[in-house]
Every structure is written in structure tokens, then in C-alpha cells.
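> Assemble the complex: chain A is given as a structure, and chain B must be docked to it using the hints.
Protein chains in written order, with my numbering: chain A, 1 to 64; chain B, 1001 to 1711.
These are calculated hints, taken from the structure and not from any lab test.
Hints should not be assumed to be uniformly reliable.
[As the list claims (entries may be wrong)] Quick list of in silico lysine-lysine cross-link-like pairs, BS3-like style, CA-CA up to 30 Å: (1) A:LYS38 - B:LYS1150; (2) B:LYS1531 - B:LYS1702; (3) B:LYS1476 - A:LYS38; (4) B:LYS1494 - B:LYS1665; (5) B:LYS1665 - A:LYS39; (6) A:LYS38 - B:LYS1494; (7) B:LYS1494 - A:LYS39; (8) A:LYS39 - B:LYS1702; (9) B:LYS1531 - B:LYS1675; (10) B:LYS1531 - B:LYS1599; (11) B:LYS1665 - B:LYS1702.
[Said to hold, decoys possible] Calculated Cβ distances over 12 Å to all of chain A for the following chain B residues: (12) GLY1205; (13) ALA1229; (14) VAL1331; (15) TYR1452; (16) PRO1591.
Keep in mind the model is a prediction, meaning the values are calculated, not measured.
Beta carbons: idealized from backbone N, C-alpha and C, even for Gly.
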Amino acid sequence: MYKNVLQNIDNIAIWPVISFVIFFLFFICLLWWVLTTKKAFIEEMERLPLENSIEEDNSKVNKL
Amino acid sequence: MELEKFSYDNKIVKAFIIATVIFGLVGMLVGLTAAIQLVYPIFNFENQYTTFGRIRPLHTNAIIFAFVGNAMFAGVYYSMQRLLKTRMYSDTLSWIHFWGWQLIIVAAAITLPLGLTTSKEYAELEWPIDIAITIIWVVFGWNMIGTIIKRRERHMYVAIWFYIATFITVAVLHLVNSVEMPVTMFKSYSWYAGVQDALVQWWYGHNAVAFFLTTPYLGMMYYFLPKAANRPVYSYRLSIIHFWSLIFLYIWAGPHHLLYTSLPDWAQSLGVVFSIMLIAPSWGGMLNGLMTLRGAWDRVREDPVLKFMVVAVTAYGMATLEGPLLSLKNVNAIAHFTDWIVAHVHVGGLGWNGFMIFAILYWVVPRMWGTTLHSRKLANVHFWLGTLGIIFYALPMYVSGVVQSLMWKEFNAEGFLVYKNFLETTVQILPLYGLRAIGGGLYLVGAILMTYNLIKTARSGDFIADEDAEAAPLAKEYVASRNAGWHHRVLEHKPVIFTVLTLIAILIGGLIEMIPTFLIKSNIPTISNVKPYTPLEVHGRDIYIREGCVNCHTQMVRPFRSETERYGEYSKAGEFVYDHPFLWGSKRTGPDLHRIGEKYSNSWHYNHMLAPDAVSTSSIMPAYPWLFEQSIDKSVTRAKINALRTVGVPYAAGYENEANADLEKQSEKISASLKADGIDVSPDAEIIALIAYLQRLGIDIKAKPTANVQE
Chain A
1 MYKNVLQNID NIAIWPVISF VIFFLFFICL LWWVLTTKKA FIEEMERLPL ENSIEEDNSK
61 VNKL
Chain B
1001 MELEKFSYDN KIVKAFIIAT VIFGLVGMLV GLTAAIQLVY PIFNFENQYT TFGRIRPLHT
1061 NAIIFAFVGN AMFAGVYYSM QRLLKTRMYS DTLSWIHFWG WQLIIVAAAI TLPLGLTTSK
1121 EYAELEWPID IAITIIWVVF GWNMIGTIIK RRERHMYVAI WFYIATFITV AVLHLVNSVE
1181 MPVTMFKSYS WYAGVQDALV QWWYGHNAVA FFLTTPYLGM MYYFLPKAAN RPVYSYRLSI
1241 IHFWSLIFLY IWAGPHHLLY TSLPDWAQSL GVVFSIMLIA PSWGGMLNGL MTLRGAWDRV
1301 REDPVLKFMV VAVTAYGMAT LEGPLLSLKN VNAIAHFTDW IVAHVHVGGL GWNGFMIFAI
1361 LYWVVPRMWG TTLHSRKLAN VHFWLGTLGI IFYALPMYVS GVVQSLMWKE FNAEGFLVYK
1421 NFLETTVQIL PLYGLRAIGG GLYLVGAILM TYNLIKTARS GDFIADEDAE AAPLAKEYVA
1481 SRNAGWHHRV LEHKPVIFTV LTLIAILIGG LIEMIPTFLI KSNIPTISNV KPYTPLEVHG
1541 RDIYIREGCV NCHTQMVRPF RSETERYGEY SKAGEFVYDH PFLWGSKRTG PDLHRIGEKY
1601 SNSWHYNHML APDAVSTSSI MPAYPWLFEQ SIDKSVTRAK INALRTVGVP YAAGYENEAN
1661 ADLEKQSEKI SASLKADGID VSPDAEIIAL IAYLQRLGID IKAKPTANVQ E
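Bound conformation, chain A alone (with noise of 0.2 Å):
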């Protein structure tokens, strides 16, 4: 039944290509992203959260 739907789009075809193609390339560039990512950059990155000022004596309100 699926078949007689789709093909009454022009081209039909391509798009499982396309579909294709847009995942791999979104998953190719999202691995290059992150492997060429460099650890300094990440280092800093992560420690975003850490780094505010006045609170962070943690200590005083864990200690309870």
C-alpha cells in the first residue's frame, strides 16, 4: 500500500537518499566536532559552572 502512496510523489527515489545523507553527515560532523575538539577547550568548558564567585563555600551549607 505504501508503495502506491509514495509513488505518486515525483522522484520518489531520491529521499530515502537524502535521508540518508543528511544523517550521515549530521552524525560524521557531530563526531568530528567533538573528536577535534581540543582538552584544553573542554577543560575550560567544564569548569564553567564551577567558577562563580561568592558562593562557592559549598562547604558551609553542606556541612550542615
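Just chain B now, with coordinates in the frame of chain A:
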């Protein structure tokens, strides 16, 4: 560079926290009421404003938009200022956002019990409120993007990415799903019909879960979990993958809410495939959260904040594994329309959202009031009450879902249904409904303890309305260091490009699903003898919507033998072409109604609506006595016909002038048939319209056994 002095706005965070706690308690209390109503129908109070059909959407809206929504804004406003080292862009916008959102909630709390609803799940609010939501959401986004632009921190931490995705996607979802044709000030018809309406609705529904209940909370997890554990996130690289693959994949999965329905097969399969793929990013995120606690597990034993977070992140992992499994067609065949789904959403709602909110509140309130938590012991009691509450809620619902589903499908050796009467399967699971209410009650008690604890905490400290901070401004001319890499130069410090890319990532899935469904006519084979509803039936349908019947009754017979035996011919896409909105439903607390038409007499329906348990002993359906007293509002018939014609129902030109005459003719007929059975009722009573609609349901294809299906 010289440091600039500024302050973080804690006042707006405080306002959102107070709203979170108040609406959280209210939303849970309403949910508990709904749970009790299912065990003891007397708690529907025989009052039209408090029946389950109206209370249930009130509960879901209160929890999603008031409790989780307000907590999201509190978390976003708190973390965003600190991550970007700046005050929010505009205090005025912050307060417009706050008060606007609370007004929307109040409007919802008034209109839903009044029965003013579109009936589309989690999008029930009528069109004027939809417009208000749009405006306030834009204010929120404007404030957020403004803050990002005036930031003092060059890099955008991953939490900010999740917030941007939330803003963009919820805006798109809300706009597309809320296209509707106003009839009166508080009544509208969905622009889409039947299958298309269902596809749009569940594309919305699924992604509302994704981008309202999940992405903002993931952002908050990536901020508050490292803060509470006092160590950086386990893998920042993993969080990048988590973010992009999650937002890219999530948007495709909506059709898994419509498996075995009349939605075209290819769209269903697409939904399944993407749901399975979603396990990867979701579990990547969960592991990233849990692994952040490496080396700090000893503190989890003592710190209630970490305890709540661990259970929250674990619940996220459980729910995001269960979701994809539920979207496998073989599992879905058992679970769909049952309490299994209710258990699933509550693991997410109570576990992931609820516990994450509690953790953040316990962490943030002592800091904002410059003090320590009033009682750690009480917080631990809350933790155990909440955890037990989740277990007492979820387990009975799992058992109830599977038991009922198996009963629905059980055949005897002769090939007949064992439980021919739907009610037998309901009675079987009522004790489990009772247990569920206990679970909900425990959870609510825990939340009340938290409220007390937080108030005492705040009382013991001094509120820091403006928290002083200092940071260097961003240099005007910025050259990214080589260290940062290409992606940073082109993307991570350019919020506008980033936002556009996010938009593209979420649009791809939606477009590929929807364009074919809308453009290809043959996706919905037309059935020539399916005709528009008569004016009386339109009124009846609107009463059905008003009373929230869709909350317990589906109109979608799936192509299983167990269903065609019980209900009749399975539902075809072409039967719904005039359904604005679609009323397929998502839960069968009562039986399916798609083939109810002409199954019972008019007097059966009359008596059943008046006293359900007199007609079906031990039925848990509430009575609807007001339908017998209130009259059909004929003054809006014209507007209804006009609006429906505008959205594509082929009423002849000028029919709006004759509609009421037709309506009266049909209602006289029903009234006469009732009279023959000894029931004297005015033809203007609302019950007449409802009977007309119920008797019409699903009979069009019965008219001629050889339905002329045009491919």
C-alpha cells in the same frame, strides 16, 4: 581588563520558586482527586465542573505548565545569569514573563473546569489563551537571547544550548499545533482534520514532553548536578553528542503514539525507528549525569540534594528506555490505551521532573537566603516518602495495564472473547487504582513537608535579592584562540547562528513527517458515504469535547481481532476527514466508542448518561445530570457551521441559515423515540444532541456494506 560590578537577580527566581511550590501542591492535589474519582465515582461530586473529564486536563496542565514550567523558569533564570556572568537582559521582561505566565495558569484553572477545551492533550487551552502563551513565550525568548547577547562569558555552556533548543522548539510546536478556527470567544475548531490532526497533535504531544519536560531539565541537570556534586560533568564531549543527537532525533518520534491507528504505515514505522535510536542519546545523558558523581557517591548517602538527583536521573534513564520499548509495535499492541502508559509518564513526571525540581529547590533556597537548610532530616523523610510514592504509583499501574490488556485480548476455546463486557476488566483493576491513589498521596505528603522545610529555611535567613558579582566585559573584537577549534569559531560563541542551526535540526524531522501526510491525497483514502455531521451532531460532538469524554474513551478500533470482535470494524483513515479536532483518545478507562452508533437504543444512552451505574452495575463513569437540564445553544449553530466550512467541511453555501431547522427536525425525532420508551424530555436538552452524536459514531461505513474506497 577592568572588572565590571553587577548583580544577579534573585527576586525573579524567588517568584518562580514560590509559584512552583504553590502550583505543584495544587496540581498534585488535583491529580490525587482524579485518582480517587476512578475508585469512588462519588468524588465526581455530580457537578459538571468537577467530573474526571474536566479534572484530568486540569491536573496535566497544572503539573506540566504550572509546576514543571515555573520550576523550569526558576532554574533557567538562576543558572543562566551565573553561566553567562550577567544579570538577565531586562528586569521588566522578566516580570512580564512571570505575571503573564501566572495569568495564563489562572486562565487555564478557570476555563478547563468550565469545559472550555480544544480536547487536544496538553494543548487543551482555547485560542485566546493560546495567543497569550505565544506572546509570553516570545517575551521569555527575547529576555533569554538578550541575556546571551550581553553576556560576559564568551563560551556558552551546554546548559544554555538546551535552553535555546527549548525556547525554539516549544515555539514551533505551539504555533503549528494551535492553528484553529475561532467560533466564539472560547470555542474553536482545529484547522486540521482526523489523521492529519492526530499526526500534528502527537508530533506536538511527544515533543512537548521532549522540549518542555526534558531539554530544559537536562540543561538544569548539567548545571545543578556539577554544582551539587562540586565537580565538573563527567564528559563534556558526551554532553555535546547528547545535545545534538537528542534534539535531532526526538522530533521524528511522535507517530509512535499512533501505532496501529489509521495513520499511514510509513509514518508509524518512521516513529518506531527514531524512538529506538533515541535510546542512545538519552542513555548517554543519563550516564553522563550519574558518572558525574564518580568519587562522590559517599556524599549521596548524606546529601538529600544528591539523593533526589540520583533518583531523578535514574528515572530519566528508565523512562527513556521504556519509551522506545513501548514504541515497538508488539509491545505497543499490549500497552497502548492502558495504565502502562500512565505508569510510564509518571515515572518521568514524578521521578525525573519532580525529583529534579525538589533537588534544585533544596539546593537553591538556602543559597538565595544565605543560610542552611532548616532540616536535613525532614528532607530525607521527603525523599523516602517521594520514592515510595513513585513505587506505589508506578507498580500498580504496570500491573493494572498488563492485566487489563490481557483480559481485553483473551479468547476462549470456542473463539469468543472471555471478557465480553468491558466493565469486567475495569472492576478487576480497581484495587490497583486504590493503591495508585495511595502512592500519589505519599508523594503529595512529601511535597508538603518540603514546603514547610523551605519556608522555615527562608525564615531563618535573609533573602539576597541582588547577589553581587563581578566579571570582565567581553572584548569587542574577539579572535578565538587556536585552542578553541573551528567549531567554536563558527558556532559556539555565535548564539544567533547556533539558534538557527538548532531550528534547522528540529525542523528536518517534522517536515519529513508532515509534508507527505498533507500533500498526498491518497494517504487518506476517501470513503464516499462518509458525510459531514448534522448540526445537532456537531452540537453533540462539542458537548462530548466539553465533558472531556476523550479522556477515558477512545474512538479508534485497532485492526486486532480482539478489538474487531469487541467493537466492530476497525477504524479507517477516511472516516475521520470531517473530525475537527480528531477524538481518537489515548486511554481506554472505558470502552472504545468509534462503533457505538446504533449499537444501543436512544433510551439506553439516556438512562446511561443519567445514572451509569444503574445501567451498568459497578460502572465508574460519573453521571451527567446537567445534560438533561441545560439547553442546546442554538445561537452558535450558524457560527459553528461557518467555522467548520472554513476549515474544509463541505457544507453547502447558505446551509448555516437552514442548520437550526434541520437541528430541530432531528432533535424532535430523537425526543419522539424517547417518548415511545416512556421518557419525556425536551428536544432542546443537551442530552438529545449528545445522543445524536453517539448514535452517528462509526455508522457511515455501515450504510453500504460495500464501501466505495477510492485509492
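> Next, verify each hint and record whether it holds.
Each hint, compared with the structure:
no. : hint                  : verdict
1   : A:LYS38 - B:LYS1150   : holds, 26 Å
2   : B:LYS1531 - B:LYS1702 : holds, 12 Å
3   : B:LYS1476 - A:LYS38   : holds, 24 Å
4   : B:LYS1494 - B:LYS1665 : violated, 66 Å
5   : B:LYS1665 - A:LYS39   : violated, 78 Å
6   : A:LYS38 - B:LYS1494   : holds, 19 Å
7   : B:LYS1494 - A:LYS39   : holds, 21 Å
8   : A:LYS39 - B:LYS1702   : violated, 68 Å
9   : B:LYS1531 - B:LYS1675 : holds, 28 Å
10  : B:LYS1531 - B:LYS1599 : holds, 19 Å
11  : B:LYS1665 - B:LYS1702 : holds, 23 Å
12  : GLY1205               : holds, 24 Å
13  : ALA1229               : violated, 9 Å
14  : VAL1331               : holds, 22 Å
15  : TYR1452               : holds, 17 Å
16  : PRO1591               : holds, 29 Å
Violation of the numbered hints given earlier is confined to hints 4, 5, 8 and 13; the remaining hints are satisfied by the structure.
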